[in-house]
Amino acid sequence: MFRFIAYRLAQFPLILAVIYLLTFILAWVVPGSPFERNDRKLSVQALQRQQEEMHAEHWYTFLGHYPARVVLHGDFGPSLSYDGWTVNDILHDALPVSISLGLLALIIAICCGVGIGAMAAVDKGKALDWLSLSIALIGISLPSFVVASLLLTVFAFYLHVFPVGRWEHISDVVLPAVALSLMPMAYIARLTRVAMIDVLSNDYVRTARAKGLSRRSVLWKHCLGNALLPVLSYLGPAAAATLTGSFVVEKVFNVPGLGQHFVNSVLNRDQTMILGTVMVYSVFLMSLNLLVDVGYALVDPRIDLGARQET
Amino acid sequence: MAQGLCPTHMRRFLLIPAVLLVLLVLSLRLSTGGGGRAAQFTFINRGEVNTLDTNRMSWLQDIRIAYALWEGLYTLQSDHGTAAGLKTVPGAAERIDLSDDKTTYTFHLRPQARWSNGDPVVAGDFIFAWKRMLQEPADYTYLLFYLHGAKQYSEAFEAWASARQQQLAMPAPDFKQVGVTACDALTLRVQLDYPVTFFPDLCAFPPFFPLHEPSMRPFAEAEDSGHTNYKSAFMRPPNLVSNGPFRLAEWQFHRKMRLVANQYYWDRGQVKSQVIDQLSSEDPQTSFLAYETGGADWLAEVTGDTAFGLAQRGRKDLHVFGAFGTYFYTFNCNAMLPDGSPNPFADVRVRQAFAMALDKRFIVNQITRMGERTTTQYVPPGVLAGYQSPAGLAFDPKAARRLLAEAGYPDGAGFPHFSLLFNNEGQHAKIAEYAIKQWADNLQLGDRGTLAGVEINTFRQYLHNKNYTMARANWFGDYYDVSTFTDKYRSYSDNNDSDWKNPEYDHLCESAEREGDADKRLAMLSRAEAILLKECPILPVYNHVNAYLFRANVHGVSLNPRNMALLKEVWRE
Numbered sequence: 168m169f170r171f172i173a174y175r176l177a178q179f180p181l182i183l184a185v186i187y188l189l190t191f192i193l194a195w196v197v198p199g200s201p202f203e204r205n206d207r208k209l210s211v212q213a214l215q216r217q218q219e220e221m222h223a224e225h226w227y228t229f230l231g232h233y234p235a236r237v238v239l240h241g242d243f244g245p246s247l248s249y250d251g252w253t254v255n256d257i258l259h260d261a262l263p264v265s266i267s268l269g270l271l272a273l274i275i276a277i278c279c280g281v282g283i284g285a286m287a288a289v290d291k292g293k294a295l296d297w298l299s300l301s302i303a304l305i306g307i308s309l310p311s312f313v314v315a316s317l318l319l320t321v322f323a324f325y326l327h328v329f330p331v332g333r334w335e336h337i338s339d340v341v342l343p344a345v346a347l348s349l350m351p352m353a354y355i356a357r358l359t360r361v362a363m364i365d366v367l368s369n370d371y372v373r374t375a376r377a378k379g380l381s382r383r384s385v386l387w388k389h390c391l392g393n394a395l396l397p398v399l400s401y402l403g404p405a406a407a408a409t410l411t412g413s414f415v416v417e418k419v420f421n422v423p424g425l426g427q428h429f430v431n432s433v434l435n436r437d438q439t440m441i442l443g444t445v446m447v448y449s450v451f452l453m454s455l456n457l458l459v460d461v462g463y464a465l466v467d468p469r470i471d472l473g474a475r476q477e478t
Numbered sequence: 093m094a095q096g097l098c099p100t101h102m103r104r105f106l107l108i109p110a111v112l113l114v115l116l117v118l119s120l121r122l123s124t125g126g127g128g129r130a131a132q133f134t135f136i137n138r139g140e141v142n143t144l145d146t147n148r149m150s151w152l153q154d155i156r157i158a159y160a161l162w163e164g165l166y167t168l169q170s171d172h173g174t175a176a177g178l179k180t181v182p183g184a185a186e187r188i189d190l191s192d193d194k195t196t197y198t199f200h201l202r203p204q205a206r207w208s209n210g211d212p213v214v215a216g217d218f219i220f221a222w223k224r225m226l227q228e229p230a231d232y233t234y235l236l237f238y239l240h241g242a243k244q245y246s247e248a249f250e251a252w253a254s255a256r257q258q259q260l261a262m263p264a265p266d267f268k269q270v271g272v273t274a275c276d277a278l279t280l281r282v283q284l285d286y287p288v289t290f291f292p293d294l295c296a297f298p299p300f301f302p303l304h305e306p307s308m309r310p311f312a313e314a315e316d317s318g319h320t321n322y323k324s325a326f327m328r329p330p331n332l333v334s335n336g337p338f339r340l341a342e343w344q345f346h347r348k349m350r351l352v353a354n355q356y357y358w359d360r361g362q363v364k365s366q367v368i369d370q371l372s373s374e375d376p377q378t379s380f381l382a383y384e385t386g387g388a389d390w391l392a393e394v395t396g397d398t399a400f401g402l403a404q405r406g407r408k409d410l411h412v413f414g415a416f417g418t419y420f421y422t423f424n425c426n427a428m429l430p431d432g433s434p435n436p437f438a439d440v441r442v443r444q445a446f447a448m449a450l451d452k453r454f455i456v457n458q459i460t461r462m463g464e465r466t467t468t469q470y471v472p473p474g475v476l477a478g479y480q481s482p483a484g485l486a487f488d489p490k491a492a493r494r495l496l497a498e499a500g501y502p503d504g505a506g507f508p509h510f511s512l513l514f515n516n517e518g519q520h521a522k523i524a525e526y527a528i529k530q531w532a533d534n535l536q537l538g539d540r541g542t543l544a545g546v547e548i549n550t551f552r553q554y555l556h557n558k559n560y561t562m563a564r565a566n567w568f569g570d571y572y573d574v575s576t577f578t579d580k581y582r583s584y585s586d587n588n589d590s591d592w593k594n595p596e597y598d599h600l601c602e603s604a605e606r607e608g609d610a611d612k613r614l615a616m617l618s619r620a621e622a623i624l625l626k627e628c629p630i631l632p633v634y635n636h637v638n639a640y641l642f643r644a645n646v647h648g649v650s651l652n653p654r655n656m657a658l659l660k661e662v663w664r665e
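Those protein sequences? They're chains A and B, same order as listed.
Per this note's numbering, the very first residue in the first sequence carries number 168; after that it's consecutive.
Per this note's numbering, the very first residue in the second sequence carries number 93; after that it's consecutive.
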C-alpha cells in the first residue's frame, strides 16, 4: 500500500511539469495582453517597461524566471492584472473560501445524495423513487446560474433569510453551498440508487433477512457499504471540482473564492495567475484521486493496491 | 465467497463526512474575515481596484479611490449647478503664483499638510513621483511632457537604461534639465514650455499626485538597467502612506476595501464620513441585490437592462445623468486592410456615406434606452464651458447614396464585404446588428456587412493593432479640457486607432497647445474637431450616461459627467 502511494506521489512532479508547460503555451498564444486591458493604448515604451518588470517580454524570459521560483520557493509570482497582489496572496485568500464552500457543498451532497438514493432504491418504483429521480433530474439539468439566481432572489431578496453578497459569517456560506451541492447531489443519488438496487438483489441480503436481521440493520450495515463504492470513485473528481470553486456560483453569490479567478485570469490574460490556479487545481485533482484509490483499499478488503497483475 | 463489507468497514465510510466536517470548521475559521466595526458609508465601486500606484492608474474605479487617498497640488471639489459638476481648487498647495507669461507656476505647499503617518508633505514628494513617472513610462506619462525638458529626459533615461543593459557606457541623464524644482521644502516651481490653460486640472489628476518615498523605499528593487521597481506590497495596508482625506486601513482582495479618515489631513473637518467601505462585486445582478437589501448605500454603476427596468418602474433612487464620453464607430483609414485587400473606407466619401446612412434614434430609444442623446459630434456637448462643438454629419440617406455613388459604388454595386468588429459584452452586438441592417437598407449593400463579435481583450488587441475594418469604440475624457478628446486623433497618437492622418488637424492641435488665450485656443480646437467630423474617421453615435443608485438618506454623491463622486463629501444619515 505504501509503495503504491509512494509510486503515485513520485509521478506528481512530472505530471505537474507537463501541465505547467501545456497551460503556459495555451495562455501565451491566446490573443490579448494582460497589460492592455484598457481602452487606452500603452505607448511602446510603457508596454515594454511593464513587460520587462514582469519578465513577460518573451516566452523564454517568462519560462526562464517563473518556473524556477515555483519549484524552489512555491512562488507563482505577481499577478499581471492586479497590481499590488501576488498570485500566492490571492490563492492564500481565495483557497480557504472555496474549500469551505466546497466542503459544505460536499457534505450536503453526500448526506442528501446517499440518503435520497438509498431511499429510492429501497422503495423502488414507488413515490419516493419517483421523487428522488425528479430531484436528481432537476439537479443535473438546471444550469447552475439559474439555480443560484433563484436561490438568491427567493431566500436572500424576498425572504431575507440570508444576506446578499457578503462573506463574513457562517450564514453567508449556506446558500452558495446549497447551490453548489445540487449537481453532485443528483449524481450521487443516481449512483447510490443504481448501486443499491444491484446490492439489494444479491443472495446474501436475502440470507441475512431470512436469518432474522432487521431491515434497517441489513440496509445500514450490509448493503450501504457496498453501494457506496461507485460513489467513492465519483467523489474524487467531484471533490476536486467542488473544492476549487464554481465560477458561476461564486459570481452570482459574490463569493471571493478561487472559481472566479479561474475564469477571470483567462479573461484578463493574467498568465501567472492562470498558471497558479491551474497548478492548484491539478494538485487537488491528483491528490484527491490518490485518496480515492487509497480509500477503496481501506474500505473494501477485496482490493489489494500492492498486488501485481498475473500475466 | 465475499459477503460484502463487514460493519467495521461500513463505519469507515462515515469517516468521510466526519473528516469533511472537521475540515469545514477549520477552513471557515480561516476564510471568513470578521466584519469589525460597521462602516458609516458603504458603496459598490465599478469593479475590483486594479492598482493603487498613482503613476500607473487608468481605470475609473482606481481613480475614484485615488481621490480619497491622495491629494494633488490642486484637487477636485463638487460644483453643483454647473454642467461640469466639479471645479479645480487648490489642494496640497495653499497658494499658487503664476508668472505673467503663464508658463511658470510656483506652488506654496500648506505647512499643515501631512501624510497619513504624520510626515509633512514636501516639494520633494512631488518631484519623486513625477521623476518616477518619467523614468517608468505608463499610460499617462505623456501628460508630464508639458513640463519643460520632461520628454527629453524620459527619452534620455530610456536610452541610458538600454545602454546599461548592453553594458555600454553612457552618462546618466540629469533630472535638473526638467522644469520642476524644489525651491525649498514647501515651495515647488514648475516650468512649462508654453502656457497650458488646463494645467491646474492636470495637477488634480492622479498621475500628478505625490508619492511618499520613505515608505516605498523598503520595497524598491534596483535593476541592472537602472530602472527601479517597487514590489507591489507597498500599496497594501499597513505599508501604504497617502496624503488625502482617507488612509487605507484594510484591503481584502475581491471583498472589501476599508478607508478610514486620515487624522493628519489638513482639511479633516470637511471629511463627512469617518469610515467608508468599498465592496467588490462583479456581477451586476448581485450588486443590485446587495444594494436592495441594504448591504450598500451607493451603487456606482447600474447597467443596461437593470437600469432601464428601474427607470420604467419610476424608481426615485435611480439617478441617470450625462457622462463625459461618446460612443462611436471607428473606421480603419489605411489604404489597405490587414488582409492585403484594398480598404473601401480609405475613401472619405465612403465614410461620410456610412455616417449619414445611420439613423441613431432607434439605438437610444430601443436598445440602450437610458435617455442617451444621439450625437453627430465627438466632444460631448454642454460640459466644457466656452467650447462650441461644430455640427457633424446629419442623417441623410439620399446624400449618403449619392456620396457612395461618387466613390464608385452606385447603389452599392461592387462594394466589398466588410465586417464590423465589437466585443460581445453588453449591448454592442445589438447595436452592431442594427447598424449593419441600416447600411444594408439605406445604402443598398445587401448582405455585404457581417458581424464580428469577439471577447473583450481580443477585441482590444485587434482594435489597437488596427486589425479591423470598422469597429465600435468609445472615449471618455480624463480632465475637463477639449484636448483630452482631440489629442486622441493626432497622427502620432498611440490612441489613434483609425490611423487617420491629417496634417492640418495636427497643426491646429499643436497650435492650440501653445496658445495662451483660452478663447482663441478653444476656437482652434473647434476647427480641429470640424475637420475630424468632416473627414469622418469616426462615426459618433451617442453620448454616454452614468447611472447610480442611492437612497434619499445619502448625501454628497456628486452627479458629474466625469463619474467622479468625491468620497470626502459623501455621507449617509
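To be clear, the hints were calculated from the coordinates, so they are not data collected in a lab.
Be careful, since some hints might not be right.
As the list claims (entries may be wrong) - Simulated DEER-style distance windows between Cβ atoms: (1) A/P180 / B/G538: 56 to 64 Å; (2) A/D206 / B/Q257: 30 to 38 Å; (3) B/I623 / A/D206: 48 to 56 Å.
Claimed, not checked - Over 10 Å on every C-beta distance to chain B, these chain A residues come out as not near it, computed from the model: (4) Q178; (5) V196; (6) D242; (7) Y249; (8) D296; (9) P423; (10) L457.
Ideal Cβ placement from N, Cα and C applies to all residues, glycine included.
Quick rundown of the hints versus the structure:
1. A/P180 / B/G538: 56 to 64 Å: holds (60 Å)
2. A/D206 / B/Q257: 30 to 38 Å: holds (31 Å)
3. B/I623 / A/D206: 48 to 56 Å: Taking Cβ atoms as reference, B/I623 and A/D206 lie about 23 Å apart, which means the hint is violated.
4. Q178: holds (25 Å)
5. V196: Holds, because the least Cβ-Cβ distance between A/V196 and chain B comes to about 12 Å, which exceeds 10 Å.
6. D242: holds (12 Å)
7. Y249: violated (6 Å)
8. D296: holds (23 Å)
9. P423: violated (4 Å)
10. L457: Label holds. Min Cβ-Cβ 15 Å, cutoff 10 Å.
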